[in-house]
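Visitor: Keeping their order, the protein sequence lines are chains A and H. Under this note's numbering, the first residue of the first sequence carries the number 12, and numbering increases by one thereafter. Under this note's numbering, the first residue of the second sequence carries the number 40, and numbering increases by one thereafter.
Everything labelled a hint here was simulated from the structure, so no lab data went into it. Take the hints with a grain of salt, since some may be wrong.
[As the list claims (entries may be wrong)] DEER-style ranges, computed between Cβ atoms:
#1 H:A82 to A:V23: 17 to 27 Å
#2 A:L109 to H:W100: 36 to 46 Å
#3 A:A19 to H:C104: 38 to 48 Å
#4 A:L33 to H:S95: 30 to 40 Å
#5 H:D43 to A:E136: 19 to 29 Å
#6 H:C104 to A:D96: 26 to 36 Å
#7 A:A120 to H:R66: 29 to 39 Å
#8 H:R66 to A:I141: 35 to 45 Å
Yeah, the Cβ is synthetic: ideal placement off N, Cα and C, and Gly gets one too.
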Amino acid sequence: MEDAGSIAAFWVLAVITVGSALMVAAARNLIHAVVALIVSFLGVAGLYVTLSADFLAVTQVLIYAGAVSVLILFAIVLTPTAARDNADSFLRLPALLLAVVVAFTIGLAALETDWRIADRGGFEETASAIGEALLDKYVLPFEIASVLLLAAMIGAIVLVRPESASVEE
Amino acid sequence: MSVDLEHYLVVGAVLFGIGLYLALAKRNFVGVLMGIEMMFNAANLTFAAFSRFVESEMRRWRDRCSWCS
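Kindly generate the complete structure, drawing on both the sequences and the hints.
Guide: Next up, the structure:
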């Protein structure tokens with residue numbers, strides 16, 4: 012990744028991601044925090060593109076910027092208006108201290124470690140390889156995961172079924 | 040000047056720290072959930088960066104091993 016466009020793209024995306032993540036922490040209204048969180052998710056998707064992980068980027072946009080943020084928005088909208096403030100609890104200062112220490116430690120470990128850097132090729136597509144691996148070599152775990160998701164979905168429907176429906180039967 | 044593995048790891052570490060702060064310090068549970076999702080994102084970003092930049096140990100073993108498919 013040597014050309015100027017990729018470098019500029021990385022820095023712009025990194026600033027967008029970290030800046031909107033900070034806005035999530037600073038926003039007083041939960042709706043504003045969710046909007047900043049969506050921007051942060053999209054920034055991470057852009058960072059995946061600069062890592063030549065195209066399938067991961069599309070999945071990030073679909074799952075995180077689409078499904079997870081809609082889930083959080085529903086959770087906010089369907090709760091009473093009183094619960095919409097994004098205030099800090101009494102743990103604010105210890106949490107800030109711990110977060111700074113953890114981020115500093117991870118960053119220092121990342122900078123100090125002598126990584127075994129591989130010579131990497133150009134931009135290659137990964138989606139077809141992932142699809143082939145899922146449906147050829149790893150087809151059994153794939154099917155088990157889909158059955159598990161189906162069981163979770165049916166279980167959720169059964170759990171939230173109103174009591175009157177079972178009385179009528 | 041180029042973008043290396045360490046740049047991505049530092050971005051992931053900062054994102055993880057912000058997510059940890061959100062998960063610990065927010066009073067509303069939805070805020071805690073947002074922090075947890077942000078930490079997931081940071082971990083995924085570091086995984087993708089490692090997969091892109093670091094030499095695969097498993098691939099070296101597979102090349103050395105003669106009988107595995």
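Visitor: In this structure, is the beta-carbon distance linking A19 of chain A and C104 of chain H contained in 38 to 48 Å?
Guide: Between A19 of chain A and C104 of chain H, where Cβ atoms are some 42 Å apart, the hint holds.
Visitor: Is the gap between the beta carbons of C104 of chain H and D96 of chain A within 26 to 36 Å?
Guide: With a Cβ separation near 58 Å, C104 of chain H and D96 of chain A fall outside 26 to 36 Å, so the hint is violated.
Visitor: With 36 to 46 Å as the target window, see if L109 of chain A and W100 of chain H comply at their CB atoms.
Guide: Once the Cβ atoms are compared, 38 Å apart, the range 36 to 46 Å for W100 of chain H and L109 of chain A holds.
Visitor: For D43 of chain H and E136 of chain A, compare the CB-CB distance with the range 19 to 29 Å and indicate the outcome.
Guide: holds, 23 Å
Visitor: Given the range 30 to 40 Å, decide if the beta-carbon distance of L33 of chain A to S95 of chain H lies inside it.
Guide: Holds: the Cβ-Cβ distance is about 34 Å, inside 30 to 40 Å.
Visitor: Using the beta carbons of R66 of chain H and I141 of chain A, state whether their distance is inside 35 to 45 Å or not.
Guide: holds, 40 Å
Visitor: Should the hint that A82 of chain H and V23 of chain A are 17 to 27 Å apart at their CB atoms be regarded as holding?
Guide: holds, 23 Å
Visitor: Go ahead and decide if the range 29 to 39 Å is satisfied by the Cβ distance of A120 of chain A to R66 of chain H.
Guide: holds, 31 Å
Going through the hint list in order, the structure does not satisfy hint 6, though it satisfies all others.
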